[in-house]
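Enquirer: Fit chain S to the known structure of chain Y by using the hints.
Each chain, written out:
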Amino acid sequence: MDGAYRSGPAGRFLAWSTALYLVLPILIVLPVALTDQRFLSLPYERISLQHFRTVLTSPEWLGSIWQSFTIALASTALSVVAGTLCAIGCWRISRRATEMVRVLMLLPLIIPSIVYAIGLYRYFGALDLLDRFLGVVIAHGVTGIPYVVITVSTALAAFDPRLEQAARGMGASLSQTLRWVILPRIAPGIFSGAIFAFIHSWDELVMVLFIASRDVFTLPRRIWDGINENLDPAMAAVAVLLILFTLLLLMADLALRRRSQGR
Amino acid sequence: MSGAGRPGAGWWLLLLPALVLVVVFYVAPIAQVLTISVTEPEPGLGNYERLFTSPAVQRVILTTLRICIITTAIALLLGYAIAYAITLASPRARGWWILAVLVPLWISVLVRAFAWVTLLRRQGLVNNTLLELGVIAEPLPLVWNEFGIIVGMVHYMVPFAVLPMLASMREIDPRLLAAARGLGASRGEVFRRVFLPLSMPGVIAAGVLVFIFSLGFYITPAILGGGKTLMVAEWIGLQILDLVRWGLGTMMATMLVVAILLTLAVFSRIVDLRRIFGAGG
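Protein chains in written order, with the numbering used here: chain Y, 400 to 662; chain S, 4 to 284.
Chain Y extracted, bound-state conformation:
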């Protein structure tokens, strides 16, 4: 049926302009990061890597990158364990009985993070978790659960429940069934969820603005301060590094999906 119906010139023009509007502004940070000037501009005479050098030798930027990385790893572990078990439980117990649980798990996607952030500010104050590694890990881990629940549920939808029943019928315990039958089949879904939970934590700013101040100073927090205080090309260099890192993660996700579909 291809070719029987095509979009008109107006529709095509709008689609192309929208695609350019989505992609071009993001690409602009690359030439700005390579500028030979000391302010935000395109390169005047030659391209220069000095701003990348500034970022990669600055203890502040490196410290924030490391902190964001460890926080994202720890909170991803939390989201993956809780989210995967929950998705498996909901899948096995039946949709109707666990409807409330599913809605509860999706709340962090629906409720704006500013509402959660001010709530945490008070709540963590009483628990002495403000400006602590553990506090940020909990906040990011809990709000990362929905991503894992969604990807794992999608993977489980393609899983034949009779396999699980057969394993149980042949005498496997619940933990054996989980480990040997269910988890290997849904591993790609878990991995996708982990990547999304990782990116969620790695990019998260609103909660961090409220529950962290000095000791915990993540990368998004440092970028935020940079945008509000001194707009210099080092910021563009950071932006380029971040874009590359995100693309790398997405490509890993894509490659993994390809492999699991090819099987």
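Some clues are possibly wrong.
Output of the computed footprint for chain S on chain Y, the stretches with three or more beta carbons under 8 Å from beta carbons of chain S [to be verified]:
# : stretch
1 : 483–489
2 : 495–504
3 : 624–635
It is worth saying that the hints were derived from the structure and are not from the lab.
Glycine is no exception: its CB is placed at the ideal position from the N, C-alpha and C atoms.
Expert: For chain S alone, kept in the frame of chain Y given last:
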């Protein structure tokens, strides 16, 4: 079903870690926000009275609604064009289109806001280029106002608008379009009378999604608004961090949640909300 088919108590235990985490560290802090809004500075509905008496509160709400409605309308239009192009594209081209939508979706919102500042500010690339070409004599005010906020927000929201509309358009049988053409309808007529009505569920789902995301959006409006145009989320942050007016801040946060839940409740009668939140919903 035999006994093996009935889930035992063990399966319920699997839900426990997530449930405990979400109840203790998500639901409880948010419940506290709702409580503070009726207990501080004194018990009662005094904070909510401000909705009717304070011009500042009303101005923030009106600004937010105006920006959100404009953002949703533009994001739907642009998103529709992209989703339409993807639906009708060849499988090869389709991959590139989807990439153009998904890559921005996952790139840090801060990076994108920074890119827009670089482009739009007074000495930014857009103004400088236009000045050098002699198109304008004075730099245009492109950022740190409502225009800048909307440019940045639409940029963030278009991918979210595309996905539900794309899902809905893919369910349209292409033979219907070919049949309509064969029966003598012009291309415009096929679009208006066949394609557009069939894609409406996706459009509504996308509209709801973009609107509720826009309502509570913090980062992009805060950066591109430059503190001059305040939307609800930034205003709440200001009340709590700078002015320490917990009652007022939590009241507005409660209203934000209520507005979002109301929007969802109203539209869940029209469209299947699972469509919005994917397979996990």
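Enquirer: State the violated hints by number, sorted upward, taking the hints as numbered earlier in the document.
Expert: Checked against the structure, no hint fails, so every one of them is satisfied.
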